[in-house]
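If you read the sequences in order, they're chains A and B. Every letter in the first sequence is one number past the one before it in the numbering used here, and letter 144, counting from 1, is 143. Every letter in the second sequence is one number past the one before it in the numbering used here, and letter 9, counting from 1, is 8.
FYI, nobody ran anything at the bench for these hints, they're computed from the structure. One or more of the hints may lead you astray.
Just so you know, same-sequence chains aren't split out, so a pair can sit in one copy or run between any two.
[What the hints assert, rightly or not] Below, computed lysine-lysine pairings styled on DSS-like, alpha-carbon distance capped at 27 Å: (1) Lys52 / Lys40; (2) Lys182 / Lys48; (3) Lys367 / Lys12; (4) Lys244 / Lys362; (5) Lys182 / Lys297; (6) Lys299 / Lys40; (7) Lys327 / Lys40; (8) Lys244 / Lys48; (9) Lys244 / Lys294; (10) Lys244 / Lys12; (11) Lys294 / Lys106; (12) Lys52 / Lys86; (13) Lys170 / Lys115.
Protein chains: 2
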Amino acid sequence: MTFDISNTDPNSKARAGVLQTDHGQIQTPIFMPVGTAGTVKAVHQRELKEDIKAQIILGNTYHLYLRPGLDVIEKAGGLHKFNGWDKPILTDSGGYQVYSLASTGRKIKEEGVTFKSHIDGSKHFFTPEGVMDIQRTIGADIIMAFDECTPYPCEYGYARESMDMTHRWLKRCCDHFDATQPKYGYSQTLFPIVQGSVYKDLRVKSAETIASFGREGNAIGGLSVGEPAEMMYEMTELVTDILPKDKPRYLMGVGTPANILECIALGIDMFDCVMPTRNARNGMLFTTQGIINIKNEKWKDDFSPIDPGLDNYASNFYTKAYLRHLIKSEELLAAMIASVHNLSFYLWLVGQAREQIIQGTFKAWKDKMVIQCMQRL
Amino acid sequence: MTFDISNTDPNSKARAGVLQTDHGQIQTPIFMPVGTAGTVKAVHQRELKEDIKAQIILGNTYHLYLRPGLDVIEKAGGLHKFNGWDKPILTDSGGYQVYSLASTGRKIKEEGVTFKSHIDGSKHFFTPEGVMDIQRTIGADIIMAFDECTPYPCEYGYARESMDMTHRWLKRCCDHFDATQPKYGYSQTLFPIVQGSVYKDLRVKSAETIASFGREGNAIGGLSVGEPAEMMYEMTELVTDILPKDKPRYLMGVGTPANILECIALGIDMFDCVMPTRNARNGMLFTTQGIINIKNEKWKDDFSPIDPGLDNYASNFYTKAYLRHLIKSEELLAAMIASVHNLSFYLWLVGQAREQIIQGTFKAWKDKMVIQCMQRL
Numbered sequence: 000m001t002f003d004i005s006n007t008d009p010n011s012k013a014r015a016g017v018l019q020t021d022h023g024q025i026q027t028p029i030f031m032p033v034g035t036a037g038t039v040k041a042v043h044q045r046e047l048k049e050d051i052k053a054q055i056i057l058g059n060t061y062h063l064y065l066r067p068g069l070d071v072i073e074k075a076g077g078l079h080k081f082n083g084w085d086k087p088i089l090t091d092s093g094g095y096q097v098y099s100l101a102s103t104g105r106k107i108k109e110e111g112v113t114f115k116s117h118i119d120g121s122k123h124f125f126t127p128e129g130v131m132d133i134q135r136t137i138g139a140d141i142i143m144a145f146d147e148c149t150p151y152p153c154e155y156g157y158a159r160e161s162m163d164m165t166h167r168w169l170k171r172c173c174d175h176f177d178a179t180q181p182k183y184g185y186s187q188t189l190f191p192i193v194q195g196s197v198y199k200d201l202r203v204k205s206a207e208t209i210a211s212f213g214r215e216g217n218a219i220g221g222l223s224v225g226e227p228a229e230m231m232y233e234m235t236e237l238v239t240d241i242l243p244k245d246k247p248r249y250l251m252g253v254g255t256p257a258n259i260l261e262c263i264a265l266g267i268d269m270f271d272c273v274m275p276t277r278n279a280r281n282g283m284l285f286t287t288q289g290i291i292n293i294k295n296e297k298w299k300d301d302f303s304p305i306d307p308g309l310d311n312y313a314s315n316f317y318t319k320a321y322l323r324h325l326i327k328s329e330e331l332l333a334a335m336i337a338s339v340h341n342l343s344f345y346l347w348l349v350g351q352a353r354e355q356i357i358q359g360t361f362k363a364w365k366d367k368m369v370i371q372c373m374q375r376l
Numbered sequence: 000m001t002f003d004i005s006n007t008d009p010n011s012k013a014r015a016g017v018l019q020t021d022h023g024q025i026q027t028p029i030f031m032p033v034g035t036a037g038t039v040k041a042v043h044q045r046e047l048k049e050d051i052k053a054q055i056i057l058g059n060t061y062h063l064y065l066r067p068g069l070d071v072i073e074k075a076g077g078l079h080k081f082n083g084w085d086k087p088i089l090t091d092s093g094g095y096q097v098y099s100l101a102s103t104g105r106k107i108k109e110e111g112v113t114f115k116s117h118i119d120g121s122k123h124f125f126t127p128e129g130v131m132d133i134q135r136t137i138g139a140d141i142i143m144a145f146d147e148c149t150p151y152p153c154e155y156g157y158a159r160e161s162m163d164m165t166h167r168w169l170k171r172c173c174d175h176f177d178a179t180q181p182k183y184g185y186s187q188t189l190f191p192i193v194q195g196s197v198y199k200d201l202r203v204k205s206a207e208t209i210a211s212f213g214r215e216g217n218a219i220g221g222l223s224v225g226e227p228a229e230m231m232y233e234m235t236e237l238v239t240d241i242l243p244k245d246k247p248r249y250l251m252g253v254g255t256p257a258n259i260l261e262c263i264a265l266g267i268d269m270f271d272c273v274m275p276t277r278n279a280r281n282g283m284l285f286t287t288q289g290i291i292n293i294k295n296e297k298w299k300d301d302f303s304p305i306d307p308g309l310d311n312y313a314s315n316f317y318t319k320a321y322l323r324h325l326i327k328s329e330e331l332l333a334a335m336i337a338s339v340h341n342l343s344f345y346l347w348l349v350g351q352a353r354e355q356i357i358q359g360t361f362k363a364w365k366d367k368m369v370i371q372c373m374q375r376l
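Put together the whole structure using the sequences plus the hints.
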């Protein structure tokens, strides 16, 4: 994997770059749609590519490991072959899900984490080494280190010990990753994850530790877990000032359109979040003009397109009134339209950000756009 | 509306024709995907047109009347404008739903039917005249008469009285339809419905009565409601022998691929059924090779396309193993893929039937295909 920064914004820390993988180029800053179980919910693969113009999607190791299971994915020849998505894929490490979904009977020890499947209650054991093997088998282009994602709020002592263990786990991840080979003939790379909750000294220490591993890219975890946005920005800036400038930086699980724009300004290159798809299913639309709750009465007979500011089919072909009818009627097409629309908006937003960075006009545009795209219509 | 029969099969009563509406041509025999609430469930409008190659879809008057309501549809300029489907639409009369969905507190009288909404319990009154007005407002190209659809089994006396009332209602439907005008500048036509349960004398009387109205097309209702297939075929043949040869014949709510092929052989031109979409959502696939229960273990690592015998995206791009994973994981994409696939199969089937009729080889092909497409894989 290579990463080249072509432009930096004169008035912020924003950068525009190109990440090259064996499954193609990713133009940064980028948003990665979440495809938990090997499918971006309610979206066809060709819509992802042609309408949304996604360049990389995310898969969840925890979910894919449990279902369909590694035997099926390996027989298919990896996740790309299994789901037909031939562009880059990033997988998380399963850590976050082990803590959030499989909390009953979960035990975190130095060796690894024992947990019960949220599907059938079966018992499983994840270790840093095992999770590297799992992601090798899934065949992600970008593999994430196995970490502990601390909740918010988190007591200082716990945050420090957890961070130290995450660092020790990272050593084991790197050793095992470097001692193993890709399974399907294309390169895979490993990103470590900065932790440290909302404590400045821990974040600094973690960022320095992670940077010292010298991997091809770095991630920031443990944010967007309930802390105030200002705290997230503060931690992000602290960390991006330490992480190497010439490597891509991935802020995990972030966020709202405003969060993304602010964090691009702080030097983040990659984002993922379930918000565009999850909120779509609840009738919340992010548009170029602001936020729409499509269930509101006011859209009942608004026969204008959902968002003519975007150039995809769903946002232009369907009207607000029709989408409102579909969601009120609990029709599957509602989730389908709203998901394509919201993801198209997110990809449009990062694409616009990239253009503005290249033009050197990012900062002023960002300040305006943060207000515009977060206002309630 | 015009209907021209170009070919008749030498060895059956099957016919190939062209139905011309102001929203375009329909090549018969045809299957009409059901779009209950103005959406064919889990299918985008462009998929309906480009992948499934649907030529006409059905809307349910009962559902559309309740939600979004006539005010919204009329403001939109009719259902075509509201949902963006610019090819022909047929609406049922709401009769069937009033009996099946809104049975609590429903009262059938000579004047009309009082029922409670299954959505909010609100009280409504449908009359033959009112239902004509509703369908005028929805803007269907083909409007159905308001009838009583008797259940199976049905006592003879009830079936006879119900049929007589349906005939009296038909007179009122025709009088009101003929005294009113389309609302959106294109023609609408009214199809009456043969009833009579499974009683030959009633079916004969009803078919003769319906034929005597001399409308542009005729429908057969009250079948596919639980009676044995042989009984359905017997009633259908009895009726098609009486209904005028030069008018399209629509068999309502039918059916399996085998049912459709057998009834094409009996002279039916139009079909609709929720089976392809409803069964899709439950993991039952109709393919060119037979029926697949995609939940079965045997498809777990079958990485072949769903059905290379069809030429649409979903059937070719996605594999059986991937679709099985999606439906086991209760992912929305499962319903999306399976719905496009099943509808594509249904449209392929009637398209093939049409070709065979034109070639004069329908009967032998039909006998083979009935077995092939109903076998369990």
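Outcome of the hint check:
Taking identical chains as interchangeable, the C-alpha atoms of Lys52 and Lys40 lie at most 27 Å apart whether they share a chain (16 Å) or sit on different chains (25 Å). For a Cα distance limit of 27 Å, the shortest separation of Lys182 from Lys48 inside one copy, 25 Å, qualifies, whereas the shortest one across copies, 41 Å, does not. In the homo-oligomer, the alpha carbons of Lys367 and Lys12 lie at most 27 Å apart inside one protomer (17 Å), although the nearest pairing across protomers, at 69 Å, exceeds that limit. In this homomeric assembly, Lys244 and Lys362 come within 27 Å of each other (Cα to Cα) only inside a single copy, at 19 Å, whereas the closest approach across copies is 73 Å.
For a Cα distance limit of 27 Å, the shortest separation of Lys182 from Lys297 across copies, 25 Å, qualifies, whereas the shortest one inside one copy, 54 Å, does not. Taking identical chains as interchangeable, the C-alpha atoms of Lys299 and Lys40 lie at most 27 Å apart whether they share a chain (26 Å) or sit on different chains (21 Å). When the C-alpha separation of Lys327 and Lys40 is checked against a cutoff of 27 Å, the pair qualifies both within a copy, at 19 Å, and between copies, at 14 Å. Taking the shortest alpha-carbon separations for Lys244 and Lys48, neither the intra-copy value of 30 Å nor the inter-copy value of 49 Å comes in at or below 27 Å.
Taking the shortest Cα distances, Lys244 and Lys294 never come within 27 Å of each other, neither inside one copy (44 Å) nor across copies (49 Å). In this assembly of identical chains, Lys244 and Lys12 lie within 27 Å of each other by CA distance solely inside one copy; the values are 10 Å within and 77 Å between copies. Taking CA atoms no more than 27 Å apart as the test, Lys294 paired with Lys106 passes in neither setting, with 42 Å inside one copy and 33 Å between copies. Only within a single protomer do Lys52 and Lys86 lie at most 27 Å apart by alpha-carbon distance; the minimum there is 11 Å, versus 29 Å between protomers.
For a Cα distance limit of 27 Å, the shortest separation of Lys170 from Lys115 inside one copy, 26 Å, qualifies, whereas the shortest one across copies, 66 Å, does not.
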